[in-house]
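Enquirer: Sequence:
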Amino acid sequence: LDGFSTGLSKADELVCAEVALRLHKPKATIMMCIKATLKICEWALSSGQNLDFVFKDIGVLVCRGSHVVMRFFEDLVREVAQSQRLAEGLLQV
Numbered sequence: 004l005d006g007f008s009t010g011l012s013k014a015d016e017l018v019c020a021e022v023a024l025r026l027h028k029p030k031a032t033i034m035m036c037i038k039a040t041l042k043i044c045e046w047a048l049s050s051g052q053n054l055d056f057v058f059k060d061i062g063v064l065v066c067r068g069s070h071v072v073m074r075f076f077e078d079l080v081r082e083v084a085q086s087q088r089l090a091e092g093l094l095q096v
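In this note's numbering, the protein residues as written are 4 to 96.
Simulated from the structure, these hints should not be mistaken for lab results.
It is possible that part of the hints are untrue.
[To be verified] Calculated cross-link-like contacts (lysine-lysine; reagent style DSS-like; alpha-carbon spacing at most 25 Å):
1. 42 with 30
2. 59 with 30
3. 42 with 28
4. 13 with 42
5. 38 with 28
6. 13 with 38
7. 28 with 59
8. 59 with 42
[As the list claims (entries may be wrong)] Derived DEER-like restraints, expressed as beta-carbon distance ranges:
9. 24 with 82: 38 to 48 Å
10. 88 with 35: 41 to 51 Å
11. 35 with 58: 18 to 28 Å
12. 30 with 82: 23 to 33 Å
13. 72 with 95: 30 to 40 Å
14. 74 with 38: 35 to 45 Å
15. 90 with 61: 31 to 41 Å
16. 88 with 42: 21 to 31 Å
17. 72 with 21: 28 to 38 Å
18. 91 with 16: 31 to 41 Å
19. 35 with 61: 16 to 26 Å
20. 11 with 76: 23 to 33 Å
21. 94 with 27: 16 to 26 Å
22. 29 with 93: 35 to 45 Å
All residues carry an ideal CB built from backbone N, CA and C; glycine is no exception.
From just these sequences and the hints, can you work out the full model?
Expert: Structure representation (structure tokens):
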């Protein structure tokens, strides 16, 4: 994994700080976990490995060779559709 860039921006570091506060973990630990995850993903994608990355309550990012698809969980899709209908109803008033 040497040679891969996993630099975090200042905004990313602020998010890490907030996550660290909420989880009561050191910011360095949170950043280390994120950087390690990014290294693994970057390696898998650059070498054509198959990879499934689960986003809790959102869906799964499915990577097969050079093909990448985001599959959303049904509950999220229903929630978004309901929010869309609500927004359309409010705009018609």
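Enquirer: Each hint needs a verdict: does it hold in this structure or not?
Expert: Going through the hints against the structure:
For the suggested pair residue 42 and residue 30, the alpha carbons sit about 18 Å apart, so the restraint of at most 25 Å is met. Between residue 59 and residue 30, the direct Cα distance comes to roughly 21 Å. Compliance with the 25 Å bound is thereby established for this hinted pair. Restraint check for residue 42 and residue 28: satisfied, since their Cα atoms lie roughly 21 Å apart, inside the 25 Å limit. Restraint check for residue 13 and residue 42: satisfied, since their Cα atoms lie roughly 19 Å apart, inside the 25 Å limit.
In summary, the hint linking residue 38 to residue 28 is supported, as the alpha carbons are separated by about 16 Å, within the 25 Å threshold. At most 25 Å may separate the alpha-carbon atoms for a hinted pair to count; residue 13 and residue 38 meet this at roughly 14 Å. With a C-alpha separation of about 20 Å, the suggested pair residue 28 and residue 59 falls inside the 25 Å cut-off, and the hint holds. Our distance criterion of 25 Å between C-alpha atoms is met by residue 59 and residue 42, whose separation comes to about 20 Å.
Between residue 24 and residue 82 the beta carbons are some 27 Å apart, a value that contradicts the proposed interval 38 to 48 Å. Taken as a hint, the range 41 to 51 Å holds for the pair residue 88 and residue 35, whose Cβ atoms sit roughly 42 Å apart. A hinted range of 18 to 28 Å holds for the C-beta pair residue 35 and residue 58, which are about 20 Å apart. In this structure the hint that residue 30 and residue 82 lie 23 to 33 Å apart at CB holds, the actual value being about 31 Å.
For the pair residue 72 and residue 95, the supplied restraint of 30 to 40 Å holds, since their beta-carbon distance comes to about 34 Å. At about 26 Å, the CB distance of residue 74 to residue 38 disagrees with the hint of 35 to 45 Å. For residue 90 paired with residue 61, a C-beta distance near 20 Å fails the hint of 31 to 41 Å. For residue 88 and residue 42, the Cβ-Cβ distance of about 41 Å falls outside the hinted range of 21 to 31 Å, so the restraint is violated.
Range check, residue 72 to residue 21: about 30 Å between beta-carbon atoms, so the 28 to 38 Å window is met. At about 38 Å, the beta-carbon gap between residue 91 and residue 16 stays in the expected band of 31 to 41 Å. About 23 Å separates the C-beta atoms of residue 35 and residue 61, a value consistent with the hinted range of 16 to 26 Å. Our hint of 23 to 33 Å for residue 11 and residue 76 holds, since their Cβ atoms are close to 27 Å apart.
One distance hint, 16 to 26 Å for the beta-carbon pair residue 94 and residue 27, is violated here, with the actual separation near 42 Å. Distance hint for residue 29 and residue 93: a CB-CB separation of about 44 Å, consistent with the stated range 35 to 45 Å.
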